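Trainee: These protein sequence lines are chains D and X, in that order. Going letter by letter, the first sequence gives residues 80 to 380 in my numbering. Going letter by letter, the second sequence gives residues 259 to 708 in my numbering.
The reader is advised that the hints may include incorrect statements.
[As the list claims (entries may be wrong)] Partner residues aside, some chain X positions facing chain D, computed with beta carbon under 10 Å:
no.	residue
1	N372
2	F373
3	N377
4	L681
Don't read these hints as lab results, they were simulated from the structure. No experiment lies behind these values; they were computed from the predicted model shown. Note that the Cβ used here is the ideal one computed from N, Cα and C, for glycine as well.
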Amino acid sequence: MKAKKILYSQKIAPYVFVLPFVLSLLIFWLYPLVSGIVMSFQEVSFGVTSWIGTANYQKLFRDSFFTTAVWNSVEYMALTLLLMVPIPMVLAVLMESRLTKARGVWKVIMYIPALTSVVISGLLFRLMFSEGENGQMNVIMHMLGQPSQAWLRARFTGWCALLLLCVWRWTGVNVLYYVSGLKSIDTSLYESGDIDGANAWQKFRYITLPLLKPTTVYVITISVFAGLSMFLESFMIWAGNNSPKNIGLTIVGYLYKRGIERNEMGYACAVGVVLMVIALVINFIQLVATGTFHIGKKKED
Amino acid sequence: MKKWLAMLLAGSMVLSMGTVAFAEEETESGEPTDVTTVGPDDGTHFELWSFVDLHNTFYANMVEEWNAQNPDRQIQITFSTYPFQDMHNKLMMALQAGEGAPDICDIEIGQFPNFSGENSPLYDLGEALAPYEADLVQSRLDVYSKADGTRIGVPTHVGATVMYWNAEIFEEYGLDYKSVKTWDDYTALGEQLKEASNGEVYLTSVDTGGTDWLWLSMAEYGEDYTGGPEGPVNVMLDSVKNMLTMQQQWLNDGIAMVSTDGHTDTDGCRATILDGKIASFPKAMWYMSRFKDYMPEEEGKWDITICPVWEEGQKYSVGIGGTGTVVTNECEDPALAAEWLAWAKCSPEGEAHIWNDLGFDVCNTALWSDEEFAYSEDNVYNTFFRVKPYELLNQMAEDDAIGTVYTTANSPVLNDYLCTTTLNEIFIDGMDVETALQECQDYLDMELMM
Numbered sequence: 080m081k082a083k084k085i086l087y088s089q090k091i092a093p094y095v096f097v098l099p100f101v102l103s104l105l106i107f108w109l110y111p112l113v114s115g116i117v118m119s120f121q122e123v124s125f126g127v128t129s130w131i132g133t134a135n136y137q138k139l140f141r142d143s144f145f146t147t148a149v150w151n152s153v154e155y156m157a158l159t160l161l162l163m164v165p166i167p168m169v170l171a172v173l174m175e176s177r178l179t180k181a182r183g184v185w186k187v188i189m190y191i192p193a194l195t196s197v198v199i200s201g202l203l204f205r206l207m208f209s210e211g212e213n214g215q216m217n218v219i220m221h222m223l224g225q226p227s228q229a230w231l232r233a234r235f236t237g238w239c240a241l242l243l244l245c246v247w248r249w250t251g252v253n254v255l256y257y258v259s260g261l262k263s264i265d266t267s268l269y270e271s272g273d274i275d276g277a278n279a280w281q282k283f284r285y286i287t288l289p290l291l292k293p294t295t296v297y298v299i300t301i302s303v304f305a306g307l308s309m310f311l312e313s314f315m316i317w318a319g320n321n322s323p324k325n326i327g328l329t330i331v332g333y334l335y336k337r338g339i340e341r342n343e344m345g346y347a348c349a350v351g352v353v354l355m356v357i358a359l360v361i362n363f364i365q366l367v368a369t370g371t372f373h374i375g376k377k378k379e380d
Numbered sequence: 259m260k261k262w263l264a265m266l267l268a269g270s271m272v273l274s275m276g277t278v279a280f281a282e283e284e285t286e287s288g289e290p291t292d293v294t295t296v297g298p299d300d301g302t303h304f305e306l307w308s309f310v311d312l313h314n315t316f317y318a319n320m321v322e323e324w325n326a327q328n329p330d331r332q333i334q335i336t337f338s339t340y341p342f343q344d345m346h347n348k349l350m351m352a353l354q355a356g357e358g359a360p361d362i363c364d365i366e367i368g369q370f371p372n373f374s375g376e377n378s379p380l381y382d383l384g385e386a387l388a389p390y391e392a393d394l395v396q397s398r399l400d401v402y403s404k405a406d407g408t409r410i411g412v413p414t415h416v417g418a419t420v421m422y423w424n425a426e427i428f429e430e431y432g433l434d435y436k437s438v439k440t441w442d443d444y445t446a447l448g449e450q451l452k453e454a455s456n457g458e459v460y461l462t463s464v465d466t467g468g469t470d471w472l473w474l475s476m477a478e479y480g481e482d483y484t485g486g487p488e489g490p491v492n493v494m495l496d497s498v499k500n501m502l503t504m505q506q507q508w509l510n511d512g513i514a515m516v517s518t519d520g521h522t523d524t525d526g527c528r529a530t531i532l533d534g535k536i537a538s539f540p541k542a543m544w545y546m547s548r549f550k551d552y553m554p555e556e557e558g559k560w561d562i563t564i565c566p567v568w569e570e571g572q573k574y575s576v577g578i579g580g581t582g583t584v585v586t587n588e589c590e591d592p593a594l595a596a597e598w599l600a601w602a603k604c605s606p607e608g609e610a611h612i613w614n615d616l617g618f619d620v621c622n623t624a625l626w627s628d629e630e631f632a633y634s635e636d637n638v639y640n641t642f643f644r645v646k647p648y649e650l651l652n653q654m655a656e657d658d659a660i661g662t663v664y665t666t667a668n669s670p671v672l673n674d675y676l677c678t679t680t681l682n683e684i685f686i687d688g689m690d691v692e693t694a695l696q697e698c699q700d701y702l703d704m705e706l707m708m
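Required output: the full structure, derived from the provided sequences and hints.
Mentor: So, in structure tokens, the structure goes:
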């Protein structure tokens, strides 16, 4: 009887429903987070831990590999933002234009790469950009009468491959976000624009762009996280965590190298904590800059 | 139109499912690529992990032989093969967590220091190895020991470094590689080859992603940049500087090329070898199996000799690479596991399989001069090359020519910096050797001090 009462209680039921989520949050998110922060102040060796204070962090800030990794990650994030916001936005507008034929086909073609595994696509890009005579890019170079290139050894060409992989793989996904953003824009706005004599560019600039802002904020937010936490792409393109002069070393790659490859869990946790702080700071700045908090305030008024 | 679109969609889905399925097979998804169990169900059960399929085939043979010889102490082993990095990472995580590790496991030498440090969870194999210890190459046992000398890994091979020559190329141009004794001779031969082949064929390729050349040079000088088990690490050695300077000069003179994909044990570089673009290179004896497995069409073309030296009278080989097999602290009957393991890898029965099936230079030196063991025509390696490999080994044993470079707790960091940064700076960017090495030393001092 009592059990039934509890089950049917309107006060308790909501808590029962959110319980699985709260539990998974506590177990799989909060616990690792706290334990990661704790471990960053420890030395961990086969189950034996000892406190070493801030030694891991002191070492971290003098570690030139770590500096390289941070810059690589930040640069990758910045470059992907430059590529992955405007290009998909323009493509999405084209996709929604009445003038474009066979729109569904284009969308499908653009989305297909997103279905492939990063491991396979990274592997294919590695083979394509191989420095061997038979790599696809080198075959193209030969056709143009140029000598072979060691694509993945130089920073510029290596990063071209890395960014090309990113664009190839994720454009379709971002286009999808923008297409759904465009669908939510009321067509009457464009009609009134037409009546007022706005040209295509003006309609894009003053109607589409501002109304796509929520989508853009979302796309930027996930791109920041994705860019900063990139690891697998570079791991596959350079066949492991060791790229020439560390041109492909990212923060997560460095965390993996220290924690898993070198058995320095404590140090790896310190790397992870710094990554988290960087990501939080960047996102906070971005949310403030795009007025997310501001909108919230207005509604409260 | 719609039908066409639907077909395209369906097609793409099938395609992507195919790629995903394929991806899962190939990725480091944590699943073993192969699992087999050998031995009777009532035998003592062990789990064994390896990263080489052939190793597990070898162990399986040894389980069957053991069970035939020891009817009252039957064992059963489940073998799992994982991709290289995946297996080491999985083992590390399992040992860190104190749960899920196998009873017996292969660990590659470069990874070994990660497992042999403080609080090492590996079982002491001293007692099990004792019956064989006198016949084994000591330096091979030392590399799989803790700092205090406790033996924790059983070696597989010596990995003696030798010179591989594409004899067919040299014959084609009428050049004599057999008279090469020193690095000066070697360089002169390179000049001749360049001239004869119009720069088409390079004498060798230099590695940006491997340290074999440096190891060889250090062994010849009797130096060691790890400083041995006690340290300190020092890369500013004559052996290292001279080798790098000479190699840089080869590149400038067009005698050598940079190894495709970083070193000779890569698909890219094997393609270069198959194309006949490089005519020679130094590599450990285990590279013979790469010829057999990946380049069978090269049979009969290649010769093997001892390596050139800086000055006559120096050592001319060094043990490179290898796998130490360990018993972990999660094994319930470690004494039996250790006894089987030592027997499988160090006894004459086991060594015969290691040489005949795997093609490695065995650690049990008592067998090197055994006619039947070493020179049998049934062994594919004795006919694949233009020399019988154990002739070279016996010559090395006679001259005491195999030097030692240690793999210590500092080695992973050292290797990492050399292979990502220093060697690339020197060979790709043409940076001054001294400057590049000083940069490396500064990094290591900073990294290892803390």
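Trainee: Need the list of violated hint numbers for this structure, in ascending order.
Mentor: When the structure is compared with the hints, none of them turns out to be violated.
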